Amino acid sequence: MSTQRIFDVASVRQDFPILHQSVHGKPLVYFDNAATAQKPMAVLAAMQAYYESINSNVHRGAHTLSDTATAAFENVRQQVARFLGAREAAEIIWVRGTTEAINLVAQSYGRSQLKPGDEILVSQLEHHSNIVPWQMVAAQTGASVIPIPVNAQGEIDQTAYAGLLSPRTRILAVNHVSNALGTINPVKAMIAQAKAVGAITVIDGAQATPHVTVDVQDLDCDFYAFSGHKVYGPTGIGALYGRRAILEAIPPWQGGGEMIERVSFEGTTFNHIPHKFEAGTPAIAEVIGLGAALDYLQAFNTTDLHRHEQALLRRAVELSEGIEGFQAIGTAANKVSVCSFVVEGTHPSDLGTLLDHQGFAVRTGHHCTQPLMARFGVPGTVRASFSFYNTLEEVDRFFVALDKCIRMCR
Amino acid sequence: MALPYSEQDLALFRDNPLGSHTTLDDIRENFDFLDDWESRYSYVIDLGKQAPRIPEAHRTDDHLVHGCQSQVWFIYHLDAGKGTLQVLVDSDAVIVRGLAAVVMTAFNNQPLAHIARFDMEALFAELDLVRHLSPTRGNGLRAMVKRIQATAAALLPA
Numbered sequence: 000m001s002t003q004r005i006f007d008v009a010s011v012r013q014d015f016p017i018l019h020q021s022v023h024g025k026p027l028v029y030f031d032n033a034a035t036a037q038k039p040m041a042v043l044a045a046m047q048a049y050y051e052s053i054n055s056n057v058h059r060g061a062h063t064l065s066d067t068a069t070a071a072f073e074n075v076r077q078q079v080a081r082f083l084g085a086r087e088a089a090e091i092i093w094v095r096g097t098t099e100a101i102n103l104v105a106q107s108y109g110r111s112q113l114k115p116g117d118e119i120l121v122s123q124l125e126h127h128s129n130i131v132p133w134q135m136v137a138a139q140t141g142a143s144v145i146p147i148p149v150n151a152q153g154e155i156d157q158t159a160y161a162g163l164l165s166p167r168t169r170i171l172a173v174n175h176v177s178n179a180l181g182t183i184n185p186v187k188a189m190i191a192q193a194k195a196v197g198a199i200t201v202i203d204g205a206q207a208t209p210h211v212t213v214d215v216q217d218l219d220c221d222f223y224a225f226s227g228h229k230v231y232g233p234t235g236i237g238a239l240y241g242r243r244a245i246l247e248a249i250p251p252w253q254g255g256g257e258m259i260e261r262v263s264f265e266g267t268t269f270n271h272i273p274h275k276f277e278a279g280t281p282a283i284a285e286v287i288g289l290g291a292a293l294d295y296l297q298a299f300n301t302t303d304l305h306r307h308e309q310a311l312l313r314r315a316v317e318l319s320e321g322i323e324g325f326q327a328i329g330t331a332a333n334k335v336s337v338c339s340f341v342v343e344g345t346h347p348s349d350l351g352t353l354l355d356h357q358g359f360a361v362r363t364g365h366h367c368t369q370p371l372m373a374r375f376g377v378p379g380t381v382r383a384s385f386s387f388y389n390t391l392e393e394v395d396r397f398f399v400a401l402d403k404c405i406r407m408c409r
Numbered sequence: 000m001a002l003p004y005s006e007q008d009l010a011l012f013r014d015n016p017l018g019s020h021t022t023l024d025d026i027r028e029n030f031d032f033l034d035d036w037e038s039r040y041s042y043v044i045d046l047g048k049q050a051p052r053i054p055e056a057h058r059t060d061d062h063l064v065h066g067c068q069s070q071v072w073f074i075y076h077l078d079a080g081k082g083t084l085q086v087l088v089d090s091d092a093v094i095v096r097g098l099a100a101v102v103m104t105a106f107n108n109q110p111l112a113h114i115a116r117f118d119m120e121a122l123f124a125e126l127d128l129v130r131h132l133s134p135t136r137g138n139g140l141r142a143m144v145k146r147i148q149a150t151a152a153a154l155l156p157a
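Quick mapping for you: the protein sequence lines, in order, are chains F and B. Number 87 in numbering that gives the first Met the number 0 belongs to position 88 of the first sequence; there are no gaps in the numbering. Number 27 in numbering that gives the first Met the number 0 belongs to position 28 of the second sequence; there are no gaps in the numbering.
Calculated directly from the structure, the hints in this document are not laboratory data. Quick caveat: nothing in here was measured; it's all calculated off a predicted structure. No residue lacks a Cβ here, since even glycine has one placed at the ideal position from N, Cα and C. Hints are not guaranteed to be accurate.
Unchecked claim - Below, computed lysine to any residue pairings styled on SDA-like, alpha-carbon distance capped at 25 Å:
| id | chain 1 | residue 1 | chain 2 | residue 2 |
| --- | --- | --- | --- | --- |
| 1 | F | Lys-403 | B | Arg-130 |
| 2 | F | Lys-187 | B | Ser-38 |
| 3 | F | Lys-403 | B | Asp-35 |
| 4 | F | Lys-25 | B | Leu-126 |
| 5 | F | Lys-25 | B | Ala-149 |
| 6 | B | Lys-48 | F | Glu-343 |
| 7 | F | Lys-114 | B | His-20 |
| 8 | F | Lys-25 | B | Phe-117 |
| 9 | F | Lys-114 | B | Asp-35 |
| 10 | B | Lys-48 | F | Asp-355 |
| 11 | B | Lys-145 | F | Ile-322 |
| 12 | B | Lys-48 | B | Asn-29 |
| 13 | F | Lys-403 | B | Ser-41 |
| 14 | F | Lys-403 | B | Lys-145 |
| 15 | F | Lys-403 | B | Lys-48 |
| 16 | F | Lys-187 | B | Ser-41 |
| 17 | F | Lys-403 | B | Arg-39 |
| 18 | F | Lys-25 | B | Ser-38 |
| 19 | F | Lys-25 | B | Pro-54 |
| 20 | B | Lys-48 | F | Glu-73 |
| 21 | F | Lys-25 | B | Lys-145 |
| 22 | B | Lys-48 | F | Lys-25 |
| 23 | F | Lys-403 | B | His-131 |
| 24 | F | Lys-25 | B | Val-129 |
| 25 | F | Lys-25 | B | Val-64 |
| 26 | F | Lys-403 | B | Tyr-42 |
| 27 | F | Lys-25 | B | Arg-52 |
| 28 | F | Lys-25 | B | Asp-127 |
| 29 | F | Lys-187 | B | Leu-126 |
| 30 | B | Lys-145 | B | Arg-52 |
Unchecked claim - Computed list of chain F residues with no C-beta within reach of chain B, every gap over 10 Å:
| id | residue |
| --- | --- |
| 31 | Val-11 |
| 32 | Ala-34 |
| 33 | Arg-59 |
| 34 | Glu-87 |
| 35 | Thr-140 |
| 36 | Thr-234 |
| 37 | Glu-257 |
| 38 | Asp-349 |
| 39 | His-356 |
Using the sequences and the hints, build the whole thing.
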């Protein structure tokens with residue numbers, strides 16, 4: 000890239016207007032990035048500009064605005080294909096987010112291909128959105144959903160995984176990075192093992208895309224999904240990568256306009272990929288916003304962003320050692336900047352409430368991973384998740400505030 | 000199914016200071032006096048500690064409201080002679096237990112009709128705690144208040 004921007008946290012923070020406010024009279028510290036990331040001005044401006052100057056429906060109009068909007072919209076598809084390392088833009092399907100992407104794969108691929116006795120392997124680390132769609136398609140087809148256990152560090156037990164693979168395994172569905180714990184899973188190796196038994200692989204990349212560089216060709220997965228709002232883009236837009244040969248072979252999921260070639264009451268033929276999977280008017284402004292978010296990120300050397308996030312995590316781990324009764328949940332060797340924990344003698348929801356009063360936005364609860372919380376025997380955790388716009392000073396203040404909360408609760 | 004109460008259980012209802020020794024006016028006065036969030040929360044947490052805990056045997060699913068964040072249990076005892084209700088509300092989270100103490104203070108030893116019609120939102124708003132009763136909070140407290148009020152309404156003589 001010709002004009003690469005040097006990463007500097009103070010200057011980066013100026014790009015995010017929402018960070019500069021007070022909550023309960025204290026400066027906001029936003030540590031809920033794994034739930035949703037904040038949006039830089041560039042994203043807001045791109046969406047505003049879209050509505051101000053080129054708003055019109057895509058792929059339909061025979062007029063200038065529609066042509067301009069369609070070009071901008073399809074450019075972002077190219078951009079997402081490059082972001083994920085896909086071979087071509089036709090392998091990128093727009094969805095509302097990762098949840099919708101997984102439901103699409105379950106209902107299109109799963110429902111058309113699964114038979115009684117087939118097995119879908121999911122890990123115990125999964126978000127409910129990578130469990131429930133599989134349970135639903137399993138109930139429809141007679142297949143079963145088999146959990147892969149997780150070890151005490153919050154890593155997928157690879158020995159158990161190897162033992163669960165069999166010719167009955169038809170689908171492996173795992174996250175690249177765990178939302179609740181931050182564990183980075185060795186998905187490349189897991190994908191290779193799944194392929195060896197003839198299974199297809201579906202990777203939930205919602206938490207990985209903000210923190211690690213993804214290359215679907217290198218991973219060799221069949222599907223990879225992510226959400227725009229976690230990579231500093233708008234809500235309501237995400238993308239599903241699918242391997243062309245599979246996308247062409249499986250049926251559409253939702254019917255409507257856009258996804259058809261010809262419709263008659265005698266029979267309907269479907270559009271080509273990716274449009275076959277995109278019924279109805281898409282989230283055009285959100286696609287444009289997502290494009291701006293990726294541009295924003297890619298102006299940096301993304302390794303610099305990831306390095307800063309790792310420094311925040313290291314500081315948090317270091318300071319947590321001074322907190323009596325602190326128990327980190329998820330201590331994988333390889334993890335993103337997520338600090339999930341419980342403190343002896345306190346309840347996560349109490350800590351969340353008292354942290355909020357000191358200006359800290361964290362997530363508390365089960366993080367939509369009830370099987371994982373059950374694995375660790377906790378009702379939930381407090382999760383502080385860091386982004387590159389957070390500072391070491393915010394992490395320092397967090398542990399001072401946490402200490403105060405604990406004293407109030409005990 | 001609810002277990003019958005033992006003598007010890009009945010003593011828990013009888014000895015609960017909330018709604019007898021501690022009144023809503025006491026709570027209002029203390030809130031007026033405490034002017035920063037920290038002392039207010041510390042006071043709420045301390046109020047929760049005044050209440051007896053619900054014995055494990057009574058923490059059954061039919062006494063439970065599942066919040067997304069925390070759990071809340073509720074048992075009650077009707078004084079048929081006086082037509083008043085005594086409730087015990089408990090939670091695994093200390094702030095929710097403290098807020099439940101405010102609820103208990105409002106309801107305990109009060110006539111059924113008073114409980115059924117009580118405006119808990121107004122009380123929580125007055126104490127600047129109303130955000131904890133919001134449906135999005137997920138602490139189970141709002142659902143619990145509704146449940147107690149429905150119970151009181153159902154016990155009213157026809």
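Mind listing which of the numbered hints don't hold for this structure, in increasing order?
2, 5, 7, 8, 9, 11, 14, 16, 19, 20, 21, 22, 25, 27, 29, 38 and 39
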